[in-house]
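Colleague: Next come the chains, spelled out residue by residue.
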Amino acid sequence: MKNFSKYLLKKIGIMLLTLWLIVTCTFFLIHSLPGSPYVNQEKLTPAQLEILNRQAGLDRPITEQYFIYFKNLLHGDLGTSFQFKNQPVAKLLINRVGPSVQLGLQAIVVGTVLGVIFGIISAMKQNTWADSIVTIIAILGRSIPNFIFAVVLQYIFAVRLGLLPIALWNGFSYTILPTITLAMAPMANSARFIRTEMVEVLNSDYIELARSKGLNRWQTAFRHGLRNSLIPLITLLGPMAVSLMTGSLVVENIYAVPGIGEQFVKSIITNDYPTIMAITILYSVMLVLVIFVVDLLYGLVDPRIRVTGGA
Amino acid sequence: MLPNELENLNLPQDAFEPLESATAAAECESIHSISLNFFRDSWRRLKKNKSAVLSLAVLLLVALLAFGSIWVSPHNPNKQDLAHVNLPPRIPGVSVDGFNGTALVSGERVDKYAQLHIPADVNFYLGTDGLGRDALSRLLMGTRTSLIIAIIAALLDLSIGVAYGMFSAISGGRVDEILQRILEILSGIPTLVVMILMLTIFEPGMVSIILAMIITGWVNMARMVRAQTLKLQEQEFVLAAATLGVSKLKIALKHILPNISSIIVVQMMFSIPTAIFFEAFLSFIGLGLKVPMASLGTLLSDGYKTFRFLPHLMWPPAIVLSIIMICFNLLADGIRDAFDPKMKG
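Just so you know, the sequences run in chain order H and S.
With the numbering used here, the residue at position 134 of the first sequence is 134, and numbering never jumps.
With the numbering used here, the residue at position 77 of the second sequence is 1077, and numbering never jumps.
The hints are simulated quantities; they were obtained by calculation from the structure and are not laboratory data.
No false leads were mixed into what you were given.
One-sided excerpt, in silico: chain S residues whose CB lies under 8 Å from chain H:
1. 1192
2. 1196
3. 1277
4. 1280
5. 1284
6. 1285
7. 1304
8. 1321
9. 1322
10. 1330
Predicted model, so just to flag it, every value in this text is computed and none were measured.
Built from N, CA and C at the ideal position, the CB exists for glycine as well.
Take these sequences, add in the hints, and give me the full structure.
Modeller: Encoded structure:
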């Protein structure tokens, strides 16, 4: 147990250091962005510009701005958006977290469940047509960029067949296409992963034993095989979270989902510093937390990792 | 048989035959098949993998067309011609809708070429865009740009990653500890966020895209190389070389590097499609190359904006991008399996 708390402390330390570094780097990078956050800057008189700068705190030296920002951040204050008048960034984002998280969770659930099912079929029916089909699906899902999926699905189901809405966010039917798009990569990866794991597990001695006791093939596969293949699936969660975040940027734009990814792209175009920073930090925190949890889970499941310190 | 018995054997002189020459003797001793070194052996295994070989062939063809179009291009990819705006594809002799110069205009098929009085010998195989530029030529140019960006980024990732990983492993001790902490922190930063920030700061262009991609791209390579180097350092041949007084640099370059080359190649094969994806992705959200440059991503993003009315501008780049991605992934899988048949997955 002492070993574990040491491992935990070390991980937390690294996590905090990472987050601090991200906040600091983002702050200074953002403030060296070209252009100013004001629309129609050429129409402003120097006096007006000065007032605006003072209001936003942009007239102070950059180090002072940094400390003020950091202090506010620790209090949960993410600043005021430049793009939308007097809107606190935190409030702006809170409404947008919902759709993004919903899409992300739906995609992970749909993707992994389908992936696990495909993986099992593929492993049980090795080298048959079913296996080949799953392999092809996995290759396509892994290779084809998600924005191409998004466009193709939109074209087939919305434009051609008219079955589902093209875009926007007005209820469950609006989430179907973006969810399928985002679920492609997790599905492909987990199918491939489960297949490899299952093939290995199915050849092991304890499966032979279970079979010799008279359990049938599918029963052994689910009771004994699947459980042992699912644990390593935890390792895929980290990369999955990353790819979902990347995916959500374009997918939310293509389907006009009012989520965080869409806001991020908009904020970059309008030089909305506080919002860009807030989203960068939000993404980083989410990612770092996911990786931290995955590390912990894995350390709990597999004690060998925490003894060696977990590379 | 004792020597004196041999003398008594009484063999006639003509029972013996002189060897023709010394070379014949040498030939008997030589091994006839080519000796299989590691890469030849892997190549033999790779050749048995049909999908990998097919992918390699397709990729070579794509590369040949894309780079060949520097000299032989159907049209000038940057030449704007307002007389030929938004033409659908027309391939002479093909009468399939979509490739015969007709397009759907409010539900009716209309021959656009006839409308604009374009002579029968002027054909645009993939149509033209809103500025009258030939879509096929731009597609070839875009493919070339995407490939160049991906390959340069992958090579830079490789150089930085290998150097960092080997240096860290060989130095060991405190240096290794510090370098590893740096890696750990870097890998915690979302790649995408870094890339987007870098591209908003630098002027968008080829160099800044490549830079943005390598900032965090080399981390995986460095980790892998370090782990492998640590493993190899324990082995006898490295210890022997060290005992004989070979310098650390020479051990790294002559003894360790050749032995981890297969892992480096595999890792690089996987990083090329990743780079292609990120380039297309960044261009798609509008952070990519600036006109008149074109990449698969910018073509796709331009095509997407008008895809309900001018579908011929979006599908070709989408298909080419997908094919390149699939082929690179299949080839990378094949190479990995060929290098290490045990790792098959």
